[in-house]
Amino acid sequence: MAAAPNASARPGDGGSASAEPLLVVDDIYKQFETPEGPVIAVDHISLKVMPGEFLSVIGPSGCGKSTLFNIMGGLLDDYQGRVSVAGETVKGPHASIGMIFQEESTFPWRTVIDNVAFPLEIAGMPKAERHDRALHFIDLVGLNGFERRYPAELSGGMRQRVSMARTLASEPKILLMDEPFAALDEQTRLLLGDKVVQIQQQLQQTTLLITHNLTEAVQLSDRILVMTYRPGKTKRIVEIKLPRPRSSEIVGSDAFGHYVAQIWNDLREEASRGLKDDESRRAERRR
Amino acid sequence: MAQTGHLTAAPAAPNIWAAMPLKRRVMWLRIALLVGIVAVWEAVAASGLLFRDVVPSLLTVGRSLFDIVTKPDYKVTLGGSEIWIPEFYRHLWVTTGEVATAMTIGGLAGLVIGLLLGTNPFLSGAFERFLYYLGPTPKIIFFPIMIMWFGVGPGSKVAMGTISCFFPVVLSAAAGVRQVESVLIRVGRSFRLNSWQMVTKIYLPAMRPSIINGVRLGLGVAVIGTLLAETKLSNQGVGFLIINSYSTFDMPRMYALLMLLFMVAIGANALVGRASRG
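Residue numbers (this note's numbering), protein chains in the order written: chain A, 411 to 697; chain B, 2 to 279.
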């Protein structure tokens, strides 16, 4: 982190200093070899995330969203293009990027507080201090009182909040989330969305969310990037001009419905293409 | 009771067995089985049908057991002063030491190699086959080699215990590595753990159940390997005592030693079980 060049602190820039994007994804291309031939997962996608911005990437299943997530998080190499954070090219997992995964990812052998304190423990922070800091993030995700519990004693939504607190505790410049609420029911998802909005506003946390859920994307985002089905390209970028602070109550409003309809219009075509493709592949396999 | 008795009291009395909780019924069955075995054993012992002490009366066995654990017939010098203890404890100490050493060497080797095999497809592709072939082989066939390499003393017994416990530990560890949820490894990578932290903070804790299972199985076969080796060729250890009683035809003593060994084995297993829960 010490080596990060001060790209945003150029003299004479004045008030527009904050206009430097924090995360730049430049022309990413990734192809996988499969038994049925090469598949282009990500086809020349570029995007920029501004400091404090909440950007969602939405697309049908199989459009390469998760591949993009893994590339941005540095878990996947061997791709074309460039990912940079605050001007620094990312090679491998980066301290400025915090990841939250789709799957259940708490450590079942650690209590909530020790889960959340994990990145601090790795950084070599003494126990008392890291527990102190962990408490702050446990409080932030609203899990006070559960510090000494084990993940097995919590609900799915609570466990996902533990994962979130753990990643936030590493104080990343950018938070990357890959369908973090996919395994949860709709009501829990909406309420957790409120929590995410609240935390994101409070920390002014720059966030990139990968999702296939329309409501979630519109509820949370400043901008939404709609991806096409194979090859995964940028179909459209939609700016969500709903007022902030937002809560899940907005789901019922006309403006909200308008955005959902607009994005669904783009997405429907892609999703049905994906569905057909999937069906024909299954039919072929049966033969 | 007098007014309502004809409605409620009647059916409860005859079926005590069915009304009993399952746990209680299991306990009674166990007691019955034990009593049955003792009765048959004593009957055979008293009948005189079998040669002399082949089936000795449990009373004789009990007396022998009492002698083994209480009769001081061995001199040890402790800090300049001489004390007498039952010799059994010396032999138990020897065997325990051998098993503990075997568990340390074989267990650690198994854990490290299991981790390597589980995380490295190249190594597992090259070598894991052999482990599956060698795993079920009775290790006692290596005893002559071990005697040549490590002598007739405790060295060859430790070697037998070591190769016995190595296999279950290495195979459970390798399988355990593969059962670690891949997302936990990705979490570790995203927090930029180095290899050592990956092993100590993610793999080992996530593998705990398989490791404990491996250690449990390993302990069992380490005891078998060590004792078997002691009965073949040695001059100390519990295995030696047992085979010595057999060759001098001291059957009550042999049975008593076997019972003692049984208790020690149960105790050791309980210890591992407690460690796995704690």
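Mixed in with the good hints, there may be bad ones.
[What the hints assert, rightly or not] 25 Å max Cα-Cα, derived BS3-like pairs, lysine-lysine: (1) Lys686(A) / Lys651(A); (2) Lys458(A) / Lys583(A); (3) Lys605(A) / Lys645(A); (4) Lys501(A) / Lys537(A); (5) Lys233(B) / Lys537(A); (6) Lys202(B) / Lys501(A).
Calculated directly from the structure, the hints in this document are not laboratory data.
Going through the hints against the structure:
| no. | hint | result |
| --- | --- | --- |
| 1 | Lys686(A) / Lys651(A) | 34 Å, violated |
| 2 | Lys458(A) / Lys583(A) | 14 Å, holds |
| 3 | Lys605(A) / Lys645(A) | 29 Å, violated |
| 4 | Lys501(A) / Lys537(A) | 31 Å, violated |
| 5 | Lys233(B) / Lys537(A) | 54 Å, violated |
| 6 | Lys202(B) / Lys501(A) | 23 Å, holds |
The structure fails hints 1, 3, 4 and 5 (numbered hints given earlier, in ascending order).
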